[in-house]
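Asks: Here the protein sequences line up with chains A and B, keeping their order.
Residue 295 in our numbering sits at position 295 of the first sequence; the count goes up by one each step and never skips.
Residue 1271 in our numbering sits at position 271 of the second sequence; the count goes up by one each step and never skips.
Mixed in with the good hints, there may be bad ones.
Keeping only pairs whose Cα atoms sit at most 30 Å apart, straight-line, the calculated DSSO-like set for lysine-lysine is [to be verified]:
| no. | chain 1 | residue 1 | chain 2 | residue 2 |
| --- | --- | --- | --- | --- |
| 1 | A | 230 | A | 340 |
| 2 | A | 230 | B | 1230 |
| 3 | A | 9 | B | 1055 |
| 4 | B | 1458 | B | 1009 |
| 5 | A | 251 | B | 1217 |
| 6 | A | 327 | A | 494 |
| 7 | B | 1150 | B | 1135 |
| 8 | B | 1217 | B | 1230 |
| 9 | A | 55 | B | 1004 |
| 10 | B | 1388 | B | 1492 |
| 11 | A | 340 | A | 494 |
| 12 | A | 9 | A | 458 |
| 13 | B | 1230 | B | 1492 |
| 14 | B | 1251 | A | 230 |
| 15 | B | 1055 | A | 4 |
| 16 | B | 1492 | B | 1340 |
| 17 | B | 1009 | A | 55 |
| 18 | A | 55 | B | 1055 |
| 19 | B | 1217 | B | 1251 |
| 20 | A | 217 | B | 1251 |
| 21 | B | 1340 | B | 1230 |
| 22 | A | 388 | A | 340 |
| 23 | B | 1230 | A | 251 |
| 24 | A | 135 | A | 388 |
| 25 | B | 1217 | A | 230 |
| 26 | A | 217 | A | 201 |
| 27 | B | 1327 | B | 1217 |
| 28 | A | 217 | A | 327 |
| 29 | B | 1135 | B | 1055 |
| 30 | B | 1055 | B | 1150 |
| 31 | A | 217 | B | 1230 |
No wet-lab data here; the hints were simulated from the structure.
None of the values given here were measured: they were computed from a predicted structure.
Number of protein chains: 2
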Amino acid sequence: MEAKLADLKNRLQEIYDLTAAAGLLYWDQSTYMPRGGAPARARQLAALERLTHEKFTDPALGRLLDDLRPHEESLPYEHDDAALIRVTRRHYERETRVPVEFAARMSSHAAESYHAWTEARPANDFKRVQPYLEKTLDLSRELAEFFPDKDHLADPLIAYSDYGMQAETVRAIFADLRERLVPLVQAISAQPPADDSCLRKTYPEDRQLAFGLEVIKRFGYDFERGRQDKTHHPFAIKFSIGDVRITTRVKEDFLGEALFSTMHESGHAMYEQGLAPGYEGTLLARGTSSGVHESQSRLWENLVGRSRGFWEFFYPQLQMVFPDQLKDVSLDTFYRAINKVERSLIRTDADEVTYNLHVMLRFDFELAMLEGRLAIADLPEAWHERFKADFGITAPDDRDGVLQDVHWFSGRIGGVFQGYTLGNILSAQFYEAALAAQPSIPDEIRRGEFGTLHGWLKEAIYQHGRKFTAAELTERVTGGPLSVEPYIRYLKTKYGELYDLSGAEA
Amino acid sequence: MEAKLADLKNRLQEIYDLTAAAGLLYWDQSTYMPRGGAPARARQLAALERLTHEKFTDPALGRLLDDLRPHEESLPYEHDDAALIRVTRRHYERETRVPVEFAARMSSHAAESYHAWTEARPANDFKRVQPYLEKTLDLSRELAEFFPDKDHLADPLIAYSDYGMQAETVRAIFADLRERLVPLVQAISAQPPADDSCLRKTYPEDRQLAFGLEVIKRFGYDFERGRQDKTHHPFAIKFSIGDVRITTRVKEDFLGEALFSTMHESGHAMYEQGLAPGYEGTLLARGTSSGVHESQSRLWENLVGRSRGFWEFFYPQLQMVFPDQLKDVSLDTFYRAINKVERSLIRTDADEVTYNLHVMLRFDFELAMLEGRLAIADLPEAWHERFKADFGITAPDDRDGVLQDVHWFSGRIGGVFQGYTLGNILSAQFYEAALAAQPSIPDEIRRGEFGTLHGWLKEAIYQHGRKFTAAELTERVTGGPLSVEPYIRYLKTKYGELYDLSGAEA
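Could you put the whole structure together from the sequences, leaning on the hints where they help?
Replies: The following block contains the structure:
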């Protein structure tokens, strides 16, 4: 049994290392690669993807997992070996359901579709991508059909990133959240908007970057095991537990960009840096779901990084870094600026109150498309209508409407958006649990100290990787299932201090 | 036959792409990787190496090459397909001679030995690495023994980087060169040394880098297909013909470091950028030998970059970039400074006249060790003796003696140094051919124009990749075999203007 377990770990380690190599190719493509490297880079990534898929679907791996079942069953559920075998089997079963030929077809279509989108969006030309999107929808349905046990076509697609969640569950959670959010948004929108002009001066790039790095160093992001580089669309990426990098982008005319993106990505990265070292080289060495991952980025970005206590410590320092821009701006004004709520067109620029409405629109549309209730041809119009209904504003074109997000144009339709809102919900639920366990956290934050919070998160969440599903982890950490209550409480408390929310009580 | 050729190309492309992926891992390790990434990086590189070796020694590839022999024989020697099959067979035969198990053992010993060296050199502790080096010598001999047809144990080792060269040939060339060089070095050393204090002021890094980039842009290094980053030990590396990068290092207290390293690496890189695009993805897409590669880096660094004509154009610009440091320094003084000849301890810092004496020492010692005439235990002492005899000076310790170069400590003993001097020799021989074909080149250089020279090199050398061996290429380009005459002529002409060489006529 020892030998078989060692065999399993060796196989997984090779896959892990090849996946990390592909990750580095992607990181380089997004940061430093010269334009001329693009054609070969696509080939190199495809070659690695082919190899890892081959190795992951090797029938010998399936036999090994069968042989290891008695060992797994002899161990407690929480034993690392049991978790390793269980999680590997789950992945093996998923990977082997999808024929190689189909996966290759889908991935090559995604590349073509993405390329078309990069041309269609600036040209505001939905027609250009419509046929690609129609094929993506067909392929997404086909992909879902490879999985027999499902209540909804979206279920297996959701399971790719949020294992354990179903379309119906998410739909119910989102309906609940939506009912409480809409009155909040309406109450806030009826009041004069916050003035964020203090963020929209000229902020030299180097000082923005240096300040952001100083902040996340204090958070506990380990620069011996990571670094930050510039890119177009910020992301965090792990090559090993000893090398988890983040990327950011800087706008010299908007202070709110790089700083919060850096905090956000550091949250993702600290999760991966905090994995149990013994999980290295296995499938356990990764955040457990897209929702839980996003909860960690949002926790550091919003619950910590946009809190008043945080800025009581950091604002005087920021004023020293940017004296010309901020010396006459009060902490109150700055705090209101970074928490400005505004109904706006672009998801990625949205504040924490309205953000989830963007996500729900997309999630609902995914279900509607998969169910055949919404044709691709009707998508742009449906987008504008729903947007008008939810936000009271209309995008002037499709560029800032249905064409704004890359997700549907570079992968599949179904299961690609829910994690963002699940993450927002969980961020508040986990943070409430942290504060209950460690009531000193807010005071420490006011002193620029984050060790207790970081330590608690590492202990409660980070170290476990994929050992527990998102639902199991939520239960362990908070004592109950996912709930929107903490999130609503958080928003009402915070924004109740900034706005008059008396009309928002449902 | 078409299908078999396509099969061959597909196999080679996968190997090429995986090799490029490993290249990127190495590049990252040498430029941006945080310290914590090291253990996993070693594993990732080993995984890719294992895979490419597996694919390269696949017996199916051997059968394919057999099947393609009639096709190859039906084509002219110079036909691209014939070259592709010929060169692939040469590599296949070499790769399959060495058992996988042995290659893995050698590579893992190299990693351990390298690690020991990184500790031994700063501690000046040869004893620490002696057992590693003894094992390296044993393994190097074992490696050579896998190849049956050889006149000298060093021959197959030399063939790894300088295919077609033999120990005896190199020995004869070096003896010839040495005989002419020693009087030159002696004559120069008897005169007062040049004053290079103008290079040893404070030169801010950013301006050094910007100036170097401006120079190589004019050379014709294509930044759409490359970039420069900082590292400890500069190198050039290709991920595809569309992505050939260089690295450099900067010393703020010595202007001679980054600038000439940048020119040097750009020479390597322009060779790879200039390969025939149709060779992409095959074994033909690479410089043909270490000697020819070095000839291209040296040509741009020394024959162009340290020439008077070059600086007639660039020196006024350099003075504008560094006015405080250079406004009172004449072109003559600067030109003498960058061409200072000095008997010094470190190969990589040596000038173009004494450099080859460093290489010959190492080459001779490689042969002596392989032949069993020189024991590892006696190496430090032998080094100091020979150094005293050749240079008239003695290193104060082994750190700047036998421990200075990484080569023997990170790979093998045999065949790892000759390329540097073969490159110096060929750089002058190729440059003479270029000037004969395009007499306008020197005037163009004086105007900061390099198009004719770059175009000629691309046409005569770069585009051919590995289609021709170094010897074939030399014959085609210069009309004769490798010869030291042009190199000696070049040195005598150039240094005859800077020093009195009347006593050096042999």
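Asks: Next step is simple, just say for each hint if it's right about the structure.
Replies: For each hint, the structure was consulted:
no., hint, result
1, A/230 x A/340, "26 Å, holds"
2, A/230 x B/1230, "17 Å, holds"
3, A/9 x B/1055, "23 Å, holds"
4, B/1458 x B/1009, "24 Å, holds"
5, A/251 x B/1217, "29 Å, holds"
6, A/327 x A/494, "25 Å, holds"
7, B/1150 x B/1135, "22 Å, holds"
8, B/1217 x B/1230, "17 Å, holds"
9, A/55 x B/1004, "26 Å, holds"
10, B/1388 x B/1492, "24 Å, holds"
11, A/340 x A/494, "12 Å, holds"
12, A/9 x A/458, "24 Å, holds"
13, B/1230 x B/1492, "35 Å, violated"
14, B/1251 x A/230, "26 Å, holds"
15, B/1055 x A/4, "26 Å, holds"
16, B/1492 x B/1340, "14 Å, holds"
17, B/1009 x A/55, "23 Å, holds"
18, A/55 x B/1055, "15 Å, holds"
19, B/1217 x B/1251, "21 Å, holds"
20, A/217 x B/1251, "29 Å, holds"
21, B/1340 x B/1230, "26 Å, holds"
22, A/388 x A/340, "20 Å, holds"
23, B/1230 x A/251, "26 Å, holds"
24, A/135 x A/388, "28 Å, holds"
25, B/1217 x A/230, "24 Å, holds"
26, A/217 x A/201, "26 Å, holds"
27, B/1327 x B/1217, "25 Å, holds"
28, A/217 x A/327, "25 Å, holds"
29, B/1135 x B/1055, "28 Å, holds"
30, B/1055 x B/1150, "27 Å, holds"
31, A/217 x B/1230, "24 Å, holds"
Hint compliance for this structure: hint 13 alone is broken.
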